[in-house]
Amino acid sequence: SKSTEKRNKAASIPSEMNEKLFNERLDMLREFKKIHGHVNVSYTFKNSPLFNWSGKVRKAYRQWKAGEKPCHFMNDERVKQLEEIGFIWEVKSPIMQKRFEKRLNELREFRKEYGHVDLTLKSHPEHKSLAIWCKNIKAAYKTRMQGDRHSHAISEEKIKRLEELGFNWNLKKRKSQAK
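Numbered according to our numbering, the sequence shown spans residues 20 to 198.
Rather than coming from a laboratory, the hints here were simulated on the basis of the structure. Every value quoted in this text rests on a predicted model; they were computed, and no experiment measured them. The C-beta atom is built at its ideal place from N, Cα and C for all residues, glycine as well. Any given hint might turn out to be false.
Dumping the calculated DSS-like pairs for lysine-lysine here, alpha-carbon to alpha-carbon at most 25 angstroms [unchecked claim]: (1) Lys179 x Lys157; (2) Lys39 x Lys78; (3) Lys141 x Lys121; (4) Lys141 x Lys53; (5) Lys53 x Lys121; (6) Lys141 x Lys131; (7) Lys117 x Lys53; (8) Lys84 x Lys53; (9) Lys157 x Lys121; (10) Lys131 x Lys147; (11) Lys99 x Lys179; (12) Lys141 x Lys52; (13) Lys131 x Lys99.
Quick list of simulated restraints, FRET-style, between CB atoms [to be verified]: (14) Lys131 x Lys52: 18 to 24 angstroms; (15) Gly185 x Ile104: 20 to 26 angstroms; (16) Lys147 x Asp95: 44 to 50 angstroms; (17) Lys99 x Lys78: 16 to 22 angstroms; (18) Arg81 x Gly56: 39 to 45 angstroms; (19) Ala79 x Arg127: 29 to 35 angstroms; (20) Lys131 x Asn94: 18 to 24 angstroms.
All chains, full assembly: derive it from the sequences and hints.
Put into structure tokens, the structure is as follows:
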């Protein structure tokens with residue numbers, strides 16, 4: 020029917036209000052990233068309109084990607100804009116994210132002290148817990164590189180953040196470590 024056709028057409032084109040709101044929140048997210056170094060507002064700012072908006076964006080993305088229904092909120096351009104700033108489409112539990120942030124901060128401190136982030140149990144036994152975490156992160160990376168994008172695989176966003184610190188993904192022993 021004509022009314023269904025009209026509704027479907029309207030649903031596929033973001034309204035001016037939605038466009039304005041999207042751009043405002045995207046600017047807020049960019050500002051958030053400047054301040055915090057990431058765009059994951061889910062565990063830190065639960066009462067923020069940005070937190071609620073991020074959840075709606077993720078839901079709209081899943082629906083859009085699955086083709087479940089016409090999604091007026093999501094389109095190729097918005098996906099591109101969000102991905103350019105490192106938007107995280109799938110957020111793990113707040114507890115897991117908090118643990119990652121804690122370890123990432125420990126890794127930053129380690130880099131300040133030693134000038135690198137390449138640590139193993141053998142090279143830095145005094146940092147046993149962090150070295151084990153690094154080993155586990157490398158295993159998660161290997162899982163992702165083998166094609167597993169879910170379960171225990173590490174996200175692209177986390178890979179990028181670790182690489183920004185100079186993280187070494189090499190799973191084999193380096194010559195300097197071999198004896």
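Do the hints match the structure? See the list:
1. Lys179 x Lys157: holds, 13 angstroms
2. Lys39 x Lys78: holds, 19 angstroms
3. Lys141 x Lys121: holds, 22 angstroms
4. Lys141 x Lys53: The given pair, whose Cα atoms are some 37 angstroms apart, is violated under the 25 angstroms limit.
5. Lys53 x Lys121: Roughly 19 angstroms separates the two Cα atoms, so the pair holds.
6. Lys141 x Lys131: Given that 25 angstroms is the threshold and the Cα spacing comes to 20 angstroms, the pair holds.
7. Lys117 x Lys53: holds, 19 angstroms
8. Lys84 x Lys53: violated, 29 angstroms
9. Lys157 x Lys121: Holds - the C-alpha atoms of Lys121 and Lys157 are around 17 angstroms apart, at most 25 angstroms.
10. Lys131 x Lys147: holds, 18 angstroms
11. Lys99 x Lys179: holds, 17 angstroms
12. Lys141 x Lys52: Status violated; Cα separation ~36 angstroms.
13. Lys131 x Lys99: With Cα atoms ~34 angstroms apart, Lys131 and Lys99 exceed 25 angstroms; violated.
14. Lys131 x Lys52: 18 to 24 angstroms: Distance hint for Lys131, Lys52 holds at roughly 22 angstroms.
15. Gly185 x Ile104: 20 to 26 angstroms: Because 22 angstroms falls inside the window, the suggested range holds.
16. Lys147 x Asp95: 44 to 50 angstroms: holds, 46 angstroms
17. Lys99 x Lys78: 16 to 22 angstroms: Check passed, 19 angstroms falls within 16 to 22 angstroms.
18. Arg81 x Gly56: 39 to 45 angstroms: violated, 26 angstroms
19. Ala79 x Arg127: 29 to 35 angstroms: holds, 34 angstroms
20. Lys131 x Asn94: 18 to 24 angstroms: violated, 42 angstroms
In this structure, the earlier hints numbered 4, 8, 12, 13, 18 and 20 are contradicted, and the remaining ones agree with it.
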